[in-house]
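Participant: The lines below spell out each chain.
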Amino acid sequence: MTEHAPRPAADLARENEELRHRLQEAEELITAIRTGTIDALAVQAPEGPRIFTLEGADQSYRDLIEQMNEGALLLSQNDTVLYCNACLAGLLKAPLETMMGASFRDFVPADYLGYWQDLLTTGWAGKSKGEMPLLALDGQQRPVAVALNVLLFNQTPVLAIIITDVSEQREINAIRARVSEQNALLERQQETLRTQALAQRAAEQTAAETSRILEGIPHIAWTANPAGRNTYLNHRWFEYTGHDSHSDSAHSFSALIHPDDLPAAVQRWQECIGSGEALEIECRIRSASGDYRWMLGRALPSRNEQGDIIQWIGAYTDIHEHKMAQQRVAETQQQLRASNEQLLRINRDLDNFIYTASHDLKAPINNIEGLLAALLAELPAELMAGPAVEPLVGMMQDSVDRFKRTIEHLTEVTRLQKEHEQPPVLVELAPVVQAVRLDLTPLLEAAGAELEVDVARCGPVRISEKNLRSVVYNLLSNALKYRHPDRPPRVRVRCRASDEYQVLTVEDNGLGLQVAGNAKLFAMFQRFHDHVEGSGIGLYMVKRIMENAGGRVDVESTVGAGSIFSVYFRR
Amino acid sequence: MSLPACILLVDDDQTTNYLNRLLLKRLAIADELLVAQNGLEALEVLRTHRPQSESGAPVLVFLDVKMPVMDGFEFLQAYEQLPAADKAQTVIVMLTTSLHPHDVERMQQLNIGGFLNKPLTKEKVDAVLQRHFPQPVSAD
Chain A
1 MTEHAPRPAA
11 DLARENEELR
21 HRLQEAEELI
31 TAIRTGTIDA
41 LAVQAPEGPR
51 IFTLEGADQS
61 YRDLIEQMNE
71 GALLLSQNDT
81 VLYCNACLAG
91 LLKAPLETMM
101 GASFRDFVPA
111 DYLGYWQDLL
121 TTGWAGKSKG
131 EMPLLALDGQ
141 QRPVAVALNV
151 LLFNQTPVLA
161 IIITDVSEQR
171 EINAIRARVS
181 EQNALLERQQ
191 ETLRTQALAQ
201 RAAEQTAAET
211 SRILEGIPHI
221 AWTANPAGRN
231 TYLNHRWFEY
241 TGHDSHSDSA
251 HSFSALIHPD
261 DLPAAVQRWQ
271 ECIGSGEALE
281 IECRIRSASG
291 DYRWMLGRAL
301 PSRNEQGDII
311 QWIGAYTDIH
321 EHKMAQQRVA
331 ETQQQLRASN
341 EQLLRINRDL
351 DNFIYTASHD
361 LKAPINNIEG
371 LLAALLAELP
381 AELMAGPAVE
391 PLVGMMQDSV
401 DRFKRTIEHL
411 TEVTRLQKEH
421 EQPPVLVELA
431 PVVQAVRLDL
441 TPLLEAAGAE
451 LEVDVARCGP
461 VRISEKNLRS
471 VVYNLLSNAL
481 KYRHPDRPPR
491 VRVRCRASDE
501 YQVLTVEDNG
511 LGLQVAGNAK
521 LFAMFQRFHD
531 HVEGSGIGLY
541 MVKRIMENAG
551 GRVDVESTVG
561 AGSIFSVYFR
571 R
Chain B
1 MSLPACILLV
11 DDDQTTNYLN
21 RLLLKRLAIA
31 DELLVAQNGL
41 EALEVLRTHR
51 PQSESGAPVL
61 VFLDVKMPVM
71 DGFEFLQAYE
81 QLPAADKAQT
91 VIVMLTTSLH
101 PHDVERMQQL
111 NIGGFLNKPL
121 TKEKVDAVLQ
131 RHFPQPVSAD
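Which chain is which? The protein sequence lines are A and B, in order. Quick note: the first sequence, position 158, residue 158 per the working numbering, numbers continuous. Quick note: the second sequence, position 19, residue 19 per the working numbering, numbers continuous.
Okay, chain A solo, but in the shape it has when bound (with noise of 0.2 Å):
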């Protein structure tokens, strides 16, 4: 046994082996540092540049920092980079392994280091906050905030700073802003649509009342498209139609109107949609028992905004028993007219034949005198002196001239026949009153009459002036011829006025008559009186010519006492 005992080869292998394994395991380690892919710690010693790895920390701190989306940063007090992990590294566009030891100022512009520079001076104090770019090896700026911390390390005070790349914070806020933006876009939508819901709602009822209304209404009421096509027929069309909703509406329209009317409502209907002007037609339709009856069809066009026709809308009334009742009055109207001028032209024809009569009775007449006084040329001296031939020739003259006057006086009617065809003017009574009293001047004389005319108070009356004269000559004459034999004749003309007529008044005090015979005291050749000449043409003509003027003439009268003839005028 000695003292040094030789070391059993053993024991070196396994030294040896350990010595390797240590080896192997600081070049694996140096290639990790190197390739970046572990951490380390570069710490400058008095003897020279240290490497530590981060050992005692734990893996999942570990994983955690280089995993986090934050850039991690260790600082030493002299700006150099302990620590870089790859977050930071891909901010700064810079390889992993070269960040290591690298001077950190070399990240941040130039325009920022005095900011930098208080941010690391208040964080080695304890803590910074701050926002500022940093320079990527790129050449871009990237926006970050920065947080600043001082933590111990073995001992040695690090800067520990996390860096947040704030411009994703920015996308992100971009997105958010995106999203709320859109958020509020799609709340406006649905408050929209909420909206039209509401509306839609609104319409709906309106559109049911309106549905009511049109079906309740006492009209066939009806719409159509622009075009024409019927789109709408109430209730009350096939009530009265007899057909179901479910037939051709625009085909039993044409085959339910009558015939005859159809033409020409389908030609009116057609210039209506051409020209979207309100169609008003009147046809008969075919009601469901079969009658037609008398429709009013009346549409007007719906436009919209642009004032383009989106709508017909119309409706049918039942006219039947008004249009009835109108062809009743215009087939009276027509018999009326018929009448008239049937009176008219029977009126004419007895002018004509007043007019022909008295030419054809004036030739015989003239020459009847014409041969009576030849005749009596022809007569022998003393013929013509006996006793007998003087009454006899003094009567056929008498014959003669009753037979001429006669033919006169009609042909005087039938000139009033013509001048009625004149307009009507106004004509101041007074005038008129005194140019007939001239005419009658020696009649007034003659009779001692006494005349008193009183027409101021009435205004011009509507008559032609001649008519007016013919009047109240007629009157006057009238009132003096039929004087009382006992009294000298008294006249008073006067004139009244009510709303319709003005009334002119001759009142006599001579023989007065029976004012039974009223009709015919008026009518042609009427004499009431025997013994007074007169043509009983007078009062005829004032009677025709009031009635042709719109008026007329009455008389009261008392038989010895006098009469009253009163003539209307109408205003």
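To be clear, the hints were calculated from the coordinates, so they are not data collected in a lab. Note that the Cβ used here is the ideal one computed from N, Cα and C, for glycine as well.
Label pairs and their computed distance ranges (CB to CB):
| hint | chain 1 | residue 1 | chain 2 | residue 2 | range |
| --- | --- | --- | --- | --- | --- |
| 1 | B | 26 | A | 438 | 37 to 45 Å |
| 2 | B | 68 | A | 399 | 25 to 33 Å |
| 3 | A | 457 | B | 121 | 48 to 56 Å |
| 4 | A | 399 | B | 121 | 16 to 24 Å |
| 5 | A | 394 | B | 117 | 18 to 26 Å |
Residues from chain B shown here face chain A by an in silico Cβ test under 8 Å; the list is partial:
| hint | residue |
| --- | --- |
| 6 | 13 |
| 7 | 16 |
| 8 | 19 |
| 9 | 22 |
| 10 | 66 |
| 11 | 97 |
| 12 | 118 |
| 13 | 119 |
We have chain A; now place chain B onto it with these hints.
Facilitator: What follows is chain B alone, placed relative to chain A:
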């Protein structure tokens, strides 16, 4: 000129013609009195009695309005067509009983010597003579 040499009476009424002839004869104002019963006959008379003919043309015509065959108005239309020389010394006076306004109006528009209401009298004839043949007339 002096008294009308020749007077033509145109009327379909024979009695009227007779009386008018009588009147004119008594007045002794014409050498010759011609009678026609309608317008057509009157035209015939005028054709045979022209100014250059032996008897001379009528210087005064009394013309009735209403006549058969050709009435007074129709006669005047046809008369218008005659040569001016034939008409130069002839005066036409219409005689009528018609007071129909239409007829009166027509007559007033005519280019004639005048129109008179029937019957023809001495006074009316004198007035015509004074107007158209102004020379004192001495009736018998």
